[in-house]
Amino acid sequence: MIEKTWTSNEKKTLNEFLRQKIPELLEGEISNSKIRRLIVSGAVYVNSNQCRIPSFKINSGSTVKVLIDKEKFFFEKQPEDTDFELTEKDVLFEDEYLIAINKPPFLPTEQTITGQRKNAHDCTVKYLWQKNPSLRNPPYVGIMHRLDRETSGILLFTKSRSINKEISEMFKNRGIKKIYRAVCTGKLPEKKEFTVENFIARISPKSSACKMGIVPESKGGLFAKTDFKIISEKSSIIQIDCQLHTGRTHQIRVQLASVNLPIAGDELYGGIKSDRIKLHARKMEFVHPVSKEKITIESEIPKDFFN
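Under my numbering, think of the first position of the sequence shown as 1, with each following residue one higher.
Because the hints were derived from the structure by calculation, they are not lab data.
The reader is advised that the hints may include incorrect statements.
[Unchecked claim] The calculated BS3-like cross-link candidates involving lysine-lysine, where the alpha carbons are at most 25 angstroms apart (straight line), are: (1) 192 x 229; (2) 131 x 192; (3) 234 x 187; (4) 172 x 211; (5) 118 x 131; (6) 159 x 172; (7) 273 x 187; (8) 187 x 159; (9) 211 x 118; (10) 165 x 234; (11) 292 x 159; (12) 283 x 225; (13) 273 x 229; (14) 177 x 159; (15) 283 x 303; (16) 11 x 21; (17) 89 x 159; (18) 292 x 165; (19) 89 x 118; (20) 211 x 192; (21) 225 x 177; (22) 57 x 118; (23) 191 x 234; (24) 283 x 234; (25) 172 x 283; (26) 159 x 192; (27) 283 x 229.
[Stated by the list, open to error] DEER-style ranges, computed between Cβ atoms: (28) 49 x 291: 53 to 61 angstroms; (29) 61 x 292: 51 to 59 angstroms; (30) 33 x 61: 54 to 62 angstroms.
Quick reminder that beta carbons are idealized off the backbone N, C-alpha and C, glycines included.
Construct the entire structure; sequences and hints are all you get.
In structure tokens:
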């Protein structure tokens with residue numbers, strides 16, 4: 001059990017205060033959702049009074065105490081992650097500034113709170129270091145976007161901080177075209193091509209697994225838009241290409257479910273049971289921020305995708 005007490009020297013919310021203090025206490029990065037969960041669980045005291053409200057305003061001179069059982073509170077059930085080692089055949093594109101890899105399913109994009117699970121980011125750092133063993137420190141690999149653990153396909157990292165801002169803006173402002181392939185079940189739509197526009201926000205508590213839903217803009221929903229194109233249909237199994245225009249959490253999964261075409265394996269959003277969520281990032285197009293050349297990156301649909 002870790003017990004720590006601090007005294008605040010300025011006014012701010014409890015959540016903001018602990019976002020500054022907890023990473024230092026635990027000697028590592030920690031997500032905002034984990035800090036909120038810590039507060040909601042009742043492990044935080046302000047001026048000796050238990051406080052479960054992340055937005056609670058603390059004053060200069062207030063004492064804040066936390067009690068953390070690292071093994072219990074921060075335990076994450078370890079699913080069957082892919083034992084992945086990045087090799088040259090998994091690299092879809094690489095130059096001085098960027099590297100795109102073919103992420104397998106069942107591999108997190110980045111490290112989780114346990115700090116012990118394999119992930120695509122660490123595998124990429126290891127691959128680049130093995131290519132350049134003379135480097136004294138690990139090579140830089142910047143995370144610009146993420147794929148869900150069960151989603152496979154193209155994952156783009158930066159190799160130089162000098163282009164982080166440009167790449168980030170390109171993702172934000174639709175400068176990068178991303179196309180996913182989904183396998184869905186349901187009734188075949190009348191139109192071969194259609195667009196879904198709505199507003200999406202988290203509908204599950206911060207202390208539980210993330211689930212998104214359709215939420216009015218007036219209640220915090222963020223605009224989401226995706227173009228969909230029917231590729232094939234056989235025995236109520238429908239292949240759909242999905243082109244993102246925005247990048248909300250679980251966007252494709254939520255929007256397909258909203259039109260009664262849930263992705264196979266995506267039981268969280270009403271999909272039939274399968275060995276994985278059948279979603280694959282298959283194509284990415286953009287203008288290179290340095291060379292200004294048009295870059296097209298493609299990833300083949302996995303052989304097990306239609307199991």
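Here's how the hints hold up against the structure:
no.	hint	in the structure
1	192 x 229	6 angstroms, holds
2	131 x 192	46 angstroms, violated
3	234 x 187	11 angstroms, holds
4	172 x 211	22 angstroms, holds
5	118 x 131	19 angstroms, holds
6	159 x 172	19 angstroms, holds
7	273 x 187	17 angstroms, holds
8	187 x 159	44 angstroms, violated
9	211 x 118	24 angstroms, holds
10	165 x 234	44 angstroms, violated
11	292 x 159	17 angstroms, holds
12	283 x 225	18 angstroms, holds
13	273 x 229	23 angstroms, holds
14	177 x 159	20 angstroms, holds
15	283 x 303	17 angstroms, holds
16	11 x 21	15 angstroms, holds
17	89 x 159	19 angstroms, holds
18	292 x 165	16 angstroms, holds
19	89 x 118	19 angstroms, holds
20	211 x 192	28 angstroms, violated
21	225 x 177	13 angstroms, holds
22	57 x 118	38 angstroms, violated
23	191 x 234	16 angstroms, holds
24	283 x 234	23 angstroms, holds
25	172 x 283	17 angstroms, holds
26	159 x 192	39 angstroms, violated
27	283 x 229	14 angstroms, holds
28	49 x 291: 53 to 61 angstroms	59 angstroms, holds
29	61 x 292: 51 to 59 angstroms	55 angstroms, holds
30	33 x 61: 54 to 62 angstroms	29 angstroms, violated
Hint compliance for this structure: hints 2, 8, 10, 20, 22, 26, 30 are not met, and every other hint is.
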